[in-house]
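Novice: Here are the chains, one letter per residue:
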Amino acid sequence: MSLPVPWLEQRLSALQKLSQLHATLREERHGAQQVSTPSLVIAIEDGLKEIRQKLLRETTWLTEQIGNRPGIDLAFIAHEGLVMAANGRLENHENYAAIANQFATEAIAVAKRLDLEPPSQVLMVASNRKLALIFVEEMILGIVAPREIELATLLAQV
Amino acid sequence: MDRAERRIRMDKVLRSLTSLKGVTAASVVDPDGLPIANRNEFELDSDALSASVQIVSTTAETISQQVGHGLPFLIITECKGGLVVVAPLGKGFLLTVVSDSQAMLGTVRYEIKESIPELVALI
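As they're listed, the protein sequences go chains A and B. Using this note's numbering, read the first sequence as starting at 1 and increasing by one per residue. Using this note's numbering, read the second sequence as starting at 1 and increasing by one per residue.
Keep in mind the hints are simulated off the structure, nothing from the lab. Every residue, glycine too, gets a C-beta built ideally from N, C-alpha and C. Some hints could be false.
[Stated by the list, open to error] Which chain A residues face chain B? A few, computed with CB under 10 Å, are given here:
#1 Glu91
#2 Asn92
#3 Glu150
#4 Thr153
[Claimed, not checked] Straight-line alpha carbon distances no greater than 25 Å define the calculated DMTMM-like cross-link-like pairs of lysine to aspartate or glutamate that follow:
#5 B:Lys80 with B:Glu5
#6 B:Lys21 with A:Glu64
#7 B:Lys21 with A:Glu80
#8 B:Lys91 with B:Glu43
#9 B:Lys12 with B:Asp47
#10 B:Lys113 with A:Glu150
#11 B:Lys21 with B:Asp2
#12 A:Lys49 with B:Glu61
#13 B:Lys21 with A:Glu58
#14 B:Lys12 with A:Glu28
#15 B:Lys21 with B:Asp32
#16 A:Lys54 with B:Glu61
#17 A:Lys49 with A:Asp73
#18 A:Lys54 with A:Glu106
#19 B:Lys21 with A:Glu150
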């Protein structure tokens, strides 16, 4: 199985762009504050708010779209171990979000030890279910499905 | 920026917080425990809440310093009915956000953390 897949790839790309834009503006705000340009700071603050609103709408929409697909048990987006959005029939999304954070920390450490670039995905296949974690800047998209479900096929279509 | 402009900007930040799913109130409290900016969607005794969060903040500060963790940057009270999140802004000012059980803690925390620099510059 390989992730991301075309439909999902597009959505993740949109999320990533928003997230990167937000990070860039955050840096610019810091610079503008240092040189005391209030009008610029205000313009940047407004831009940041607008991007965050889009980012949060996108996270909610994405988890709804994925979580509503037949065969998906849970879709969630986590930030620093806490749930930002979740959809699916599993109720323990808070546990998954916390574990996703641990996974990310470990995966980054392991990749570093192996001289690999930072990981973009982690997949765990258990005897009953599988958990896919996709790293999008500061956020993690998690997808839980029964082991036999082909995520690549399921998430390929709009 | 004059006082009125600051107030407008502060209100905009609070509006952004209360636009989040499940967030029902947001306010900035001064060191005397009085609300200086406030947005809420339900009947709320903001004066009483503001005074209470100052006590909570002081207590949390004492606890965190007792265990050597320094100053707290977020105090989260998770209840059956929702969340109360308090973020110290410096100079004794606090941001307080109240939500119902529909709110996602990750989203609320993310937006609060991102809003703090602007609020700090406004107080």
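Novice: It remains to establish, for every hint, whether it holds in the given structure.
Specialist: Evaluation of the provided hints:
The beta carbon of Glu91 of chain A comes no nearer than 13 Å to any beta carbon in chain B, farther than 10 Å, and the hint placing it at the interface is violated. A cut of 10 Å between beta carbons decides the hint on Asn92 of chain A: the least distance to chain B is about 15 Å, and the hint is violated. Proximity of Glu150 of chain A to chain B is violated relative to the hint, the smallest CB-CB distance being about 29 Å (cut-off 10 Å). Taking 10 Å as the C-beta contact cut-off toward chain B, the hint placing Thr153 of chain A at the interface is violated, the least distance being around 29 Å.
With a C-alpha separation of about 38 Å, the suggested pairing of Lys80 of chain B with Glu5 of chain B is violated against the 25 Å cut-off. With a C-alpha separation of about 14 Å, the suggested pairing of Lys21 of chain B with Glu64 of chain A holds against the 25 Å cut-off. Taking the CA atoms of Lys21 of chain B and Glu80 of chain A, the gap is near 19 Å; set against the 25 Å cutoff, the hint holds. Restraint check for Lys91 of chain B and Glu43 of chain B: the C-alpha separation of about 29 Å exceeds 25 Å, so the hint is violated.
As the CA atoms of Lys12 of chain B and Asp47 of chain B are separated by approximately 21 Å, the hinted pair is consistent with the 25 Å bound. Of the pairs offered as hints, the one joining Lys113 of chain B and Glu150 of chain A is violated, with about 37 Å between alpha carbons and a cut-off of 25 Å exceeded. Proximity of Lys21 of chain B to Asp2 of chain B is assessed by CA-CA distance (about 32 Å); at most 25 Å being required, the pair is judged violated. Distance restraint check for Lys49 of chain A and Glu61 of chain B: the Cα-Cα separation of roughly 29 Å exceeds the 25 Å cut-off, and the hinted pair is therefore not satisfied.
Restraint check for Lys21 of chain B and Glu58 of chain A: satisfied, since their Cα atoms lie roughly 13 Å apart, inside the 25 Å limit. Our distance criterion of 25 Å between C-alpha atoms is met by Lys12 of chain B and Glu28 of chain A, whose separation comes to about 20 Å. At most 25 Å may separate the alpha-carbon atoms for a hinted pair to count; Lys21 of chain B and Asp32 of chain B exceed this at roughly 30 Å. Between the alpha carbons of Lys54 of chain A and Glu61 of chain B the distance comes to roughly 35 Å, so the proposed pair goes past 25 Å and is violated.
The straight-line distance between the Cα atoms of Lys49 of chain A and Asp73 of chain A is roughly 32 Å, outside the 25 Å bound, and the hint therefore fails. This hinted pair does not check out: Lys54 of chain A and Glu106 of chain A have alpha carbons roughly 30 Å apart, beyond 25 Å. Restraint check: the Cα-Cα separation between Lys21 of chain B and Glu150 of chain A comes to about 32 Å, which exceeds 25 Å; the hinted pair is violated.
Checked against the numbered hints listed earlier, the structure breaks hints 1, 2, 3, 4, 5, 8, 10, 11, 12, 15, 16, 17, 18 and 19; every other hint is satisfied.
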